[in-house]
Amino acid sequence: EAQVTQNPRYLITVTGKKLTVTCSQNMNHEYMSWYRQDPGLGLRQIYYSMNVEVTDKGDVPEGYKVSRKEKRNFPLILESPSPNQTSLYFCASQGQSNSPLHFGNGTRLTVT
Amino acid sequence: QKEVEQNSGPLSVPEGAIASLNCTYSDRGSQSFFWYRQYSGKSPELIMFIYSNGDKEDGRFTAQLNKASQYVSLLIRDSQPSDSATYLCAVTPSGGYNKLIFGAGTRLAVHP
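Residue numbers (the numbering used here), protein chains in the order written: chain A, 1 to 112; chain B, 1001 to 1112.
No lab work stands behind these hints, which were simulated from the structure alone. Given the structure is predicted, the values throughout are model-derived calculations rather than measurements. Ideal placement from N, C-alpha and C gives every residue a C-beta, glycine not left out. One should not assume that every hint holds.
Unchecked claim - Every beta carbon over 12 Å from chain B, so not counted as near; a handful from chain A, in silico:
{"id": "1", "residue": "Ile12"}
{"id": "2", "residue": "Lys17"}
{"id": "3", "residue": "Lys18"}
{"id": "4", "residue": "Leu19"}
{"id": "5", "residue": "Ser24"}
{"id": "6", "residue": "Glu62"}
{"id": "7", "residue": "Ser67"}
{"id": "8", "residue": "Lys71"}
{"id": "9", "residue": "Asn73"}
{"id": "10", "residue": "Pro75"}
{"id": "11", "residue": "Pro83"}
{"id": "12", "residue": "Ala92"}
{"id": "13", "residue": "Arg108"}
{"id": "14", "residue": "Thr110"}
To be verified - Dumping the calculated BS3-like pairs for lysine-lysine here, alpha-carbon to alpha-carbon at most 27 Å:
{"id": "15", "chain 1": "A", "residue 1": "Lys57", "chain 2": "B", "residue 2": "Lys1042"}
{"id": "16", "chain 1": "A", "residue 1": "Lys18", "chain 2": "B", "residue 2": "Lys1042"}
{"id": "17", "chain 1": "B", "residue 1": "Lys1056", "chain 2": "A", "residue 2": "Lys71"}
{"id": "18", "chain 1": "A", "residue 1": "Lys65", "chain 2": "B", "residue 2": "Lys1042"}
{"id": "19", "chain 1": "A", "residue 1": "Lys17", "chain 2": "A", "residue 2": "Lys57"}
Stated by the list, open to error - Covered stretches of chain B, going by a simulated chain A footprint (3 or more residues, C-beta under 8 Å):
{"id": "20", "stretch": "1028-1042"}
{"id": "21", "stretch": "1045-1057"}
{"id": "22", "stretch": "1098-1105"}
Extracted from the complex, chain A is given alone in its bound form:
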């Protein structure tokens, strides 16, 4: 089954404690991205990757890091989480640029 898998689904942490949210896709897609979703603001892109070792900032990259060492994996790293990063996060992949996004199941992060 074609899918994008994120883990964990829920995460509660404290300010400053580094965390990683994993994302993996099995569709051999070149394009992957991370979005956060906040009430009233919709989905906003954090980072995206066009291929292995090629990443770039989206609209809200501050406080986040990503890496793309393998085509299938695109982890999101919060080096020092803060409460304003409490949000619902989605990883997504695309087969080609300009094509629809395939979303993972989401990670609800709470930073206290």
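Start from chain A and add chain B according to the hints.
Below, chain B without anything else, positioned relative to chain A:
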């Protein structure tokens, strides 16, 4: 700032009626347009995409695009209670094929 605007709703329609969801976008160079459905706490799932002016039909769903008016809509015929969800309009901005700009979504409630 390139924007996508949607009425937040809720849009309430009786079962069996036509639901009409609207979206306007500010970037005149946008090329691709998507409608996603999102149930509470779940990830967005693709309903329709449209690239050219006019109508595109898929089952009970019809997407309508008018680039001159910078307007895209989604019609849902024979609405069912299971269609109750938030509908997200998304647009590929000019020069940004690796991202989508999302509206905040319209909540649809179909009542029996």
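To see whether the hints hold, each was checked on the structure:
no., hint, verdict
1, Ile12, "16 Å, holds"
2, Lys17, "25 Å, holds"
3, Lys18, "25 Å, holds"
4, Leu19, "20 Å, holds"
5, Ser24, "15 Å, holds"
6, Glu62, "16 Å, holds"
7, Ser67, "17 Å, holds"
8, Lys71, "15 Å, holds"
9, Asn73, "18 Å, holds"
10, Pro75, "18 Å, holds"
11, Pro83, "21 Å, holds"
12, Ala92, "9 Å, violated"
13, Arg108, "8 Å, violated"
14, Thr110, "14 Å, holds"
15, Lys57/A <-> Lys1042/B, "25 Å, holds"
16, Lys18/A <-> Lys1042/B, "26 Å, holds"
17, Lys1056/B <-> Lys71/A, "33 Å, violated"
18, Lys65/A <-> Lys1042/B, "24 Å, holds"
19, Lys17/A <-> Lys57/A, "23 Å, holds"
20, 1028-1042, "holds (count 5)"
21, 1045-1057, "holds (count 3)"
22, 1098-1105, "holds (count 7)"
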